[in-house]
Amino acid sequence: MFLYVLLCCVGVVHCYGHGRVSEVCGSMTPNHGSNSAQSSTAPFSITADKTTFKEGDQITVLLNSQSGDQFEGFMLQARGVGSTTPIGTFTVTDSNAQLLSCNGAANRAVSHTSDHKKSSIQAKWTAPTSGQLGDIEFRATFAKGFSTFWVGVKSSTVAYNGTGTSPATPNTPTASSNPDCGKTKVCFSQPSNCDPTADTGCYFMAVQTSSNQSEMRIEMFGQASGYLAIGFSDDQEMGNDDIYICGKDSSGNLQVQHAFSTGKTAPTILPLVNVTDIKKALTNGNINCSFTSRNAISMGSRATSTSEYYLMIAAGPSSSQGNIQFHTNDYVSSTKVNLQNPSQVITSAEEFPAIVKAHGCLMLISWMFTGSIGMLIARYLKGVAKDHGCCGKDFWFMAHVFLMALSVTATAIAFILFFYTGAHPVLGCLVMILSLINSSCPGLFGDILSLIQPIVAAFRCEPQHERRFVFSWAHFFIALAIKVLAVAAIFTGLELFEEYEEDGWMLKVMGGFVAWEALMYFLQDLNLRAKKKDSEICSFGSTRPETVLLILFILGNLPFLIALLVGIGRS
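FYI, the numbering for the sequence shown is -15 to -1, 1 to 556, going by mature numbering (1 follows the signal peptide of the UniProt record, and there is no 0).
Quick caveat, the hints were computed from the structure, so don't treat them as lab data.
Just so it is clear, CB atoms sit at the ideal spot from N, CA and C, and this is done for glycine as well.
The reader is advised that the hints may include incorrect statements.
Restraint-style ranges between C-beta atoms, simulated for each label pair [said to hold, decoys possible]:
1. F382 to L511: 23 to 29 Å
2. K378 to S319: 51 to 57 Å
3. L504 to D54: 51 to 57 Å
4. A500 to T37: 39 to 45 Å
5. A397 to A281: 51 to 57 Å
6. N259 to G137: 54 to 60 Å
7. D234 to S24: 38 to 44 Å
8. K367 to A500: 21 to 27 Å
9. I340 to K168: 34 to 40 Å
10. A183 to F382: 55 to 61 Å
11. A91 to N20: 26 to 32 Å
Turn these sequences into a full structure, and let the hints guide you.
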C-alpha cells in the first residue's frame, strides 16, 4: 500500500513534464499542488523582434534567461493588452517546444516537451488576418522547478498599426503597460509608481514620443465620475496648457477631446484633428483611454519646440450635457519632464509641504502627549506630593501648568505655521481661515479655546472663594471641549494625510490611542472612587496606584505618538 501511494505521488510530481497543459490556457498557472506563483521579478524575459504589427505579420518571440537560471517548463501565448484570450497562431522548430490548442483553437500556445533544463526557446507568432485587432503583448509562465514558478511574465507591448478598427471595450484597457515606464515611455502617476491594473485610486499617464516628437502615443487611467484629463504645461499652474480629455458625453459614452486651458475656467475645446487609434474603456468607475496624436503641443498662441513640460493629471464630474466641471483631483509633476527621456524619475509635486507636516506634528505632540498628561495630572494626581512644591505651589499644579503651557505654545506655533504662506501672508490667512471654517472647524475652534483657557486660568479666584466653583466648572468644560475638538481635528487631519492610502493605518492608530486613553481614564476614575472609600484598586507598596497608572499612560502614549509622527513624516 505504501509503495502504491509513493508511486502516485511520483506521478503527480511529473505529470506535467510532457507539457500538454491545454486545460490551463486561461490562467496559465501550473497545477503544482499547494505551491503558488512567485511574487518576485522573474529571472526570465520575453522579447519580440518587432514593436508594431498588422494583419498576417510574423513576429519571432524569444524566451530567455537573464541571470544564468534555467527553466524546466513554460507556456507562451499572445494576448490583446488587458485581455485573457489567446490570439494568433504559433509555429515552432525547436525540439524542446510544442504547440497547444486553447479553447478548441489550434496552435494558440507553446509549451515544453520535457522537463529538461532550458536557457532559451524561440517561436514564431502569426497575427490574425481579420477581426478587430489591437495592441498585443506576449505572456509566459516559467517553471524553474515544481515549487518555483512565475506566472504572467509580460513582454513589451507590440502596437497594432494595421487597417482594421481597434475595439473600444473594457477587455482592451490601454494604460496597463507600465512595465515599459522608464524604458520607452515617460510615465507619471499618483501615488508614485502605482500600478493602474492593480492599485485602487491610481492616477496614471504615459507618453511615448517619436524621435522628432512629431507623434505621441498617450495613455491615461484613473477613477472619475465624469472625466479624466492630462495636460502639458510650462509651469505648475493651470492656464496656457495643452490638454487631452477623456470624458463621458450626454449619453454616458466616453469621448476623447483636445482642449486648451486659458486659466481656472472651462478649457477651450479644439477640433480633434491628427488624433487617431483611439481606444477607451470604462470599468468599475475607472476611465481608461489611449490614442496617437500628431498635434504639436501648444503653449498659448504658439506651438513649442521644446520637449520639456510639467505633466498634469486632473479628474472630476461632468454635467448631464457632457460638459466638464471643476476637477476634484489634480496632480502636477514636481519638475519639468523631457518627453524624449523615459529614464528620468518623475514624482508628483509634494502634496504636503514641510510646514504643514510640522503643523501636524506639533498638534499631535500637544494633544496626544503634553496636553493629555497635563489634564490627567490635574484631575487625578492632586493628592500626590501634597503640600510639597515650590513658591507655595504644589508639584502637581506646577507640572500641570508647565505641561499645559507647552501645549499652548506648541498649538500657537502650529496655528501660525499653518497660516504662513510666505509671499502672500494676508491672503494666505484669509484662504486658510475660510478653508478651515469650511472643512476643519474642530481644529480652528479647538485652537481658539486652547488659547482662551490660560487666560481664564489667570483670572481664577482663590480655592476658598465662595465662587470658586464657577471657575472650576468653566475650566472643566473648556478643557473637555478642547479635548474633544482636538481629537476630532487630529482625525480629520490624518484623513488628509491618508487620502491615497488604502489601509488607513494612521486613522486606526489614532483610534487605538483614543481607546487606550479612555481605558486609562476609566482606571484612574475607579481608583479615585476607591480612594473615597479608603481603598485602592490595587497595591504597589509605597507607590500610589494613580502614579503607576500615570507612568503606564505615558509609556502607552509614546508608541502611538511615534507611529503617527513617522507616518506624517513619510506622507
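Hints and how they fare:
1. A C-beta distance of roughly 24 Å is found between F382 and L511, which places it inside the suggested range of 23 to 29 Å.
2. About 53 Å separates the C-beta atoms of K378 and S319, a value consistent with the hinted range of 51 to 57 Å.
3. As the Cβ distance of L504 to D54 is approximately 54 Å, the hint placing it in 51 to 57 Å holds.
4. For the pair A500 and T37, the beta carbons lie near 59 Å from each other, so the given range of 39 to 45 Å is not met.
5. Taking the beta carbon of each, A397 and A281 are about 53 Å apart, inside 51 to 57 Å as hinted.
6. With their beta carbons about 36 Å apart, N259 and G137 fall outside the hinted range of 54 to 60 Å.
7. The hinted window of 38 to 44 Å between D234 and S24 holds, with their beta carbons roughly 41 Å apart.
8. Remark: the range hint 21 to 27 Å for K367 to A500 is upheld by a beta-carbon distance near 26 Å.
9. I340 and K168 have their C-beta atoms about 37 Å apart, which keeps the hinted 34 to 40 Å range intact.
10. About 57 Å separates the C-beta atoms of A183 and F382, a value consistent with the hinted range of 55 to 61 Å.
11. At roughly 30 Å, the beta carbons of A91 and N20 sit within the given window of 26 to 32 Å.
Consistency with the previously given hints fails for numbers 4 and 6, ordered from lowest to highest.
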